[in-house]
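Place chain B on chain A using the hints.
Number of protein chains: 2
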Amino acid sequence: MPLSYRGRARELLLAKGIEDYNFIRIIHKDGVELSGILIPRAELEDDKHIVLKLENGYNVGIAIDSILEIELLSKQREIRKEEKLIARKAPIKGLPRVPLIVTGGTITSKVDYATGAVKPYEKPEELLDLIPEISEIANLSYIPLMSIFSENMTPQHWIKIAKEVEKEINSGSEGVIIAHGTDTMHFTAAALSFLLEGLFKPVILVGAQRSIDRPSTDAVLNLFSAVKMAVEGPIAESMIVMHGSPSDEYTYAIRGVRARKMHTSRRDAFLSVNEPPLAKITRKSIEILGRNYNKRQKEGEVRAADKMQDRVALIYSWPGIAPDFLDFVVDKGYLGLVLAGTGLGHVPTRLIPKIRELTKDGIPVVMTSQCLFGRMNLNVYETGRLLLDAGVISVGDMLPEVALVKLMYVLGKTTDMNEIRRMMKENLRGEISNFLSITVFPPGDVSYV
Amino acid sequence: MPLSYRGRARELLLAKGIEDYNFIRIIHKDGVELSGILIPRAELEDDKHIVLKLENGYNVGIAIDSILEIELLSKQREIRKEEKLIARKAPIKGLPRVPLIVTGGTITSKVDYATGAVKPYEKPEELLDLIPEISEIANLSYIPLMSIFSENMTPQHWIKIAKEVEKEINSGSEGVIIAHGTDTMHFTAAALSFLLEGLFKPVILVGAQRSIDRPSTDAVLNLFSAVKMAVEGPIAESMIVMHGSPSDEYTYAIRGVRARKMHTSRRDAFLSVNEPPLAKITRKSIEILGRNYNKRQKEGEVRAADKMQDRVALIYSWPGIAPDFLDFVVDKGYLGLVLAGTGLGHVPTRLIPKIRELTKDGIPVVMTSQCLFGRMNLNVYETGRLLLDAGVISVGDMLPEVALVKLMYVLGKTTDMNEIRRMMKENLRGEISNFLSITVFPPGDVSYV
Numbered sequence: 001m002p003l004s005y006r007g008r009a010r011e012l013l014l015a016k017g018i019e020d021y022n023f024i025r026i027i028h029k030d031g032v033e034l035s036g037i038l039i040p041r042a043e044l045e046d047d048k049h050i051v052l053k054l055e056n057g058y059n060v061g062i063a064i065d066s067i068l069e070i071e072l073l074s075k076q077r078e079i080r081k082e083e084k085l086i087a088r089k090a091p092i093k094g095l096p097r098v099p100l101i102v103t104g105g106t107i108t109s110k111v112d113y114a115t116g117a118v119k120p121y122e123k124p125e126e127l128l129d130l131i132p133e134i135s136e137i138a139n140l141s142y143i144p145l146m147s148i149f150s151e152n153m154t155p156q157h158w159i160k161i162a163k164e165v166e167k168e169i170n171s172g173s174e175g176v177i178i179a180h181g182t183d184t185m186h187f188t189a190a191a192l193s194f195l196l197e198g199l200f201k202p203v204i205l206v207g208a209q210r211s212i213d214r215p216s217t218d219a220v221l222n223l224f225s226a227v228k229m230a231v232e233g234p235i236a237e238s239m240i241v242m243h244g245s246p247s248d249e250y251t252y253a254i255r256g257v258r259a260r261k262m263h264t265s266r267r268d269a270f271l272s273v274n275e276p277p278l279a280k281i282t283r284k285s286i287e288i289l290g291r292n293y294n295k296r297q298k299e300g301e302v303r304a305a306d307k308m309q310d311r312v313a314l315i316y317s318w319p320g321i322a323p324d325f326l327d328f329v330v331d332k333g334y335l336g337l338v339l340a341g342t343g344l345g346h347v348p349t350r351l352i353p354k355i356r357e358l359t360k361d362g363i364p365v366v367m368t369s370q371c372l373f374g375r376m377n378l379n380v381y382e383t384g385r386l387l388l389d390a391g392v393i394s395v396g397d398m399l400p401e402v403a404l405v406k407l408m409y410v411l412g413k414t415t416d417m418n419e420i421r422r423m424m425k426e427n428l429r430g431e432i433s434n435f436l437s438i439t440v441f442p443p444g445d446v447s448y449v
Numbered sequence: 001m002p003l004s005y006r007g008r009a010r011e012l013l014l015a016k017g018i019e020d021y022n023f024i025r026i027i028h029k030d031g032v033e034l035s036g037i038l039i040p041r042a043e044l045e046d047d048k049h050i051v052l053k054l055e056n057g058y059n060v061g062i063a064i065d066s067i068l069e070i071e072l073l074s075k076q077r078e079i080r081k082e083e084k085l086i087a088r089k090a091p092i093k094g095l096p097r098v099p100l101i102v103t104g105g106t107i108t109s110k111v112d113y114a115t116g117a118v119k120p121y122e123k124p125e126e127l128l129d130l131i132p133e134i135s136e137i138a139n140l141s142y143i144p145l146m147s148i149f150s151e152n153m154t155p156q157h158w159i160k161i162a163k164e165v166e167k168e169i170n171s172g173s174e175g176v177i178i179a180h181g182t183d184t185m186h187f188t189a190a191a192l193s194f195l196l197e198g199l200f201k202p203v204i205l206v207g208a209q210r211s212i213d214r215p216s217t218d219a220v221l222n223l224f225s226a227v228k229m230a231v232e233g234p235i236a237e238s239m240i241v242m243h244g245s246p247s248d249e250y251t252y253a254i255r256g257v258r259a260r261k262m263h264t265s266r267r268d269a270f271l272s273v274n275e276p277p278l279a280k281i282t283r284k285s286i287e288i289l290g291r292n293y294n295k296r297q298k299e300g301e302v303r304a305a306d307k308m309q310d311r312v313a314l315i316y317s318w319p320g321i322a323p324d325f326l327d328f329v330v331d332k333g334y335l336g337l338v339l340a341g342t343g344l345g346h347v348p349t350r351l352i353p354k355i356r357e358l359t360k361d362g363i364p365v366v367m368t369s370q371c372l373f374g375r376m377n378l379n380v381y382e383t384g385r386l387l388l389d390a391g392v393i394s395v396g397d398m399l400p401e402v403a404l405v406k407l408m409y410v411l412g413k414t415t416d417m418n419e420i421r422r423m424m425k426e427n428l429r430g431e432i433s434n435f436l437s438i439t440v441f442p443p444g445d446v447s448y449v
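As given, the protein sequences belong to chains A and B, one line each in that order. Those letters in the first sequence? Residues 1 to 449, by my numbering. Those letters in the second sequence? Residues 1 to 449, by my numbering.
Excised from the complex, chain A in its bound form:
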């Protein structure tokens, strides 16, 4: 076998007679001993690191300066079954077809060891080569649709993704996986929930909080779980599949309209707000936790809506917010406003005359709560009743971000105020529930173990 490394890394490896895919052992200067398969790194310009695939399936990048000893254990490593599968290009007969629509993000990125920053892979195949077990359950095809960090997603990108999903499902895919940056993954998941009308197969957004060439990556389990859910799961909705705990044991499938990224960096950053996750997925099983869900069908036709009104704004209220702040709506030609009020859905009463003007002018004003967890109730306090009287649309236990996406979708369908109000208050995709379990809240007690 050849050796794909360059520069100093190459020198170090050559001196020991080590080639790509050899089984080697390293003693790290921290005293840790690591053994694993040397992964080829042809694409990597950096010559200061080598990458090992450990027995547990993780890949670990190791700075060569930190290596005390390096030793070749075996050249004659047995080629494992799954590696043979990778080599084969033609689809395996009988395995379900699952497209992986790549949009960008950490899951399709690697660490640039020179700067410590994260950059997109140029060839997304690198990703799948590291998770050979997927080839045993699905014929995964790559669809490199775009390559953007998710903070740069717009409603127009959501429509583009929805159209691609529509094409794939209507042409026989068992499910669709979308590799996506985690920053705004929950916005896209909510958007696809609404845009994909008549959905009858699973649509799964998946990402990574740590890139796949890092030892702590969550990409492997997340992507494997996503494929498993896409081919075996009974749920035909737009979902997010990401780690369910800090350990690498299981993932949750969270309904797109209930997901929110609630931690900057943990692997289990996504929470299912106001309802349990739809399912818990391990390497061996799928356990359904959701009470009501849209079931997978053999036959059907999904239609992707192609309009979203992007002149809609989301404002989290704060003490001291001035009425003139809301002038931007008219000044900048916004056509809808979602407020994330405090508590049960309140804003300062001094804003109410301005809100009344907006709703009179045909601009829908939707009220949600910045508490995120729990349910709006504008009937308890005077401020709430005044807001209702001013025309505010209260939307139960819907998340602010989901209300924003839904309003964009609804305004793409109609400009009739009564119809907007009716649609916003109607549960279309599980974004509003009538029953709210009091247990589905981060318990203050257990969090502080």
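Derived by calculation from the structure, the hints in this document are not laboratory data. Don't be surprised by glycine CBs; every beta carbon is placed ideally from N, CA and C. A few of these clues could be false.
Said to hold, decoys possible - DSBU-like cross-link-like pairs, simulated, lysine-lysine; straight-line CA separation at most 30 angstroms: (1) A/Lys-354 - B/Lys-16; (2) A/Lys-360 - B/Lys-413; (3) B/Lys-160 - B/Lys-75; (4) A/Lys-332 - B/Lys-360; (5) A/Lys-354 - B/Lys-160; (6) A/Lys-332 - B/Lys-332; (7) B/Lys-298 - B/Lys-332; (8) A/Lys-354 - B/Lys-48; (9) B/Lys-413 - A/Lys-332.
As the list claims (entries may be wrong) - Over the 10 angstroms line for every Cβ pair with chain B, so calculated as not near, a few chain A residues: (10) Thr-282; (11) Lys-413; (12) Asn-418.
Said to hold, decoys possible - Across the chosen pairs, the derived CB separations fall in these ranges: (13) B/Gly-333 - A/Ser-147: 37 to 45 angstroms; (14) A/Asn-379 - B/Thr-415: 42 to 50 angstroms; (15) B/Gly-300 - A/Arg-283: 27 to 35 angstroms.
Leaving out everything else, chain B in the frame of chain A:
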């Protein structure tokens, strides 16, 4: 004893010979049997409910239409020790002085049974009469400073409260309690953290998610815990004391700059974000959980800052947010902007030129994360590095709402950009930590029991 009830309630009670403070039993149409003391309701115009004080200390309002049977158990009820204490007007010698500054909110409100809505008490003494045990540990004095729902609080109200706290502490109070609506309690708690310079006694915000005349009220335990923490606790900071679990067993004292209301209606709605609560308080004990805190001193002098810049805005970013949206900052004369970006602290790259213009014009732009939990890091991804280059001030693991309040405070002190940057990035009151415990996050697993 007289009977204070009116109309239909009065008829029902008179028919059984029942008077105020009698010990009575009721069989509810739901099959529940309740016995307790009939609480006088002179202030209540409603004639459709009676209120019982149960053995467990709770007050429960009962619709007379739901009463199947009502029975007088005892007229000769023994007057309990704490009720004698209430009767005495003069302060008890030796008990510490603790003022209760009343600002409004549910804790000083009652249900208007006619409409189901909540209205403020006209006489806040009604509140304390229901929690006689407080009289045993402190001489509580009422300071009815204002009577507003907390959504109507402004930075000017915060200063007014801070000035009152300053006066009380510098004149010998052992601690100060502030009754406050829960909607924006965490904003006020953060504001007091910054405004009260040289604080050497506890300052405790307390509220209720359910009003005190409802059986499920949290007001009793919250207020009792607040008084206990004010007179016995070792921590001299601005804190929130509210339920720590859905049960009525303990409260948490949460650092003002770490608290956030995270549920619309649960009694344990406030979470301590990115660090454990400072203390757990039961009826019998105070358990300190915080690692670092400002210690109570016998002597000292607190000074309340008297300036806050209220032309500061908070914007939670969303996919599709347009650069022209940020024009409001200049158009409306805002002097500071806090962004709650996605993930590690990102906004769409198309906003970056506008952000650069703002910082060049001397308007500080502070970056936080809408994930709420976790820590900013603008060095990982390209977008983050571009934001830093554009002059954005990244503030570690500070909450967006706390960054807003802090920026108002800092801009009240200085308009020098270097000084603003230095102060925003410096840990002044525990709002930024260097060490972030990964366990302090709502665990996805346990939430879904």
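Here is how each hint holds up against the structure:
1. A/Lys-354 - B/Lys-16: violated, 54 angstroms
2. A/Lys-360 - B/Lys-413: violated, 41 angstroms
3. B/Lys-160 - B/Lys-75: It is violated: about 47 angstroms lies between the C-alpha atoms, which goes past 30 angstroms.
4. A/Lys-332 - B/Lys-360: With Cα atoms ~23 angstroms apart, A/Lys-332 and B/Lys-360 stay inside 30 angstroms; holds.
5. A/Lys-354 - B/Lys-160: The given pair, whose Cα atoms are some 27 angstroms apart, holds under the 30 angstroms limit.
6. A/Lys-332 - B/Lys-332: holds, 13 angstroms
7. B/Lys-298 - B/Lys-332: violated, 46 angstroms
8. A/Lys-354 - B/Lys-48: violated, 38 angstroms
9. B/Lys-413 - A/Lys-332: violated, 33 angstroms
10. Thr-282: Since the minimum Cβ distance to chain B is about 13 angstroms, A/Thr-282 lies beyond 10 angstroms and the statement holds.
11. Lys-413: Non-interface label stands for A/Lys-413: nearest chain B Cβ at 17 angstroms, farther than 10 angstroms.
12. Asn-418: Holds: least Cβ distance 26 angstroms, greater than 10 angstroms.
13. B/Gly-333 - A/Ser-147: 37 to 45 angstroms: Cβ of B/Gly-333 to Cβ of A/Ser-147: about 40 angstroms, so the range 37 to 45 angstroms holds.
14. A/Asn-379 - B/Thr-415: 42 to 50 angstroms: holds, 44 angstroms
15. B/Gly-300 - A/Arg-283: 27 to 35 angstroms: violated, 59 angstroms
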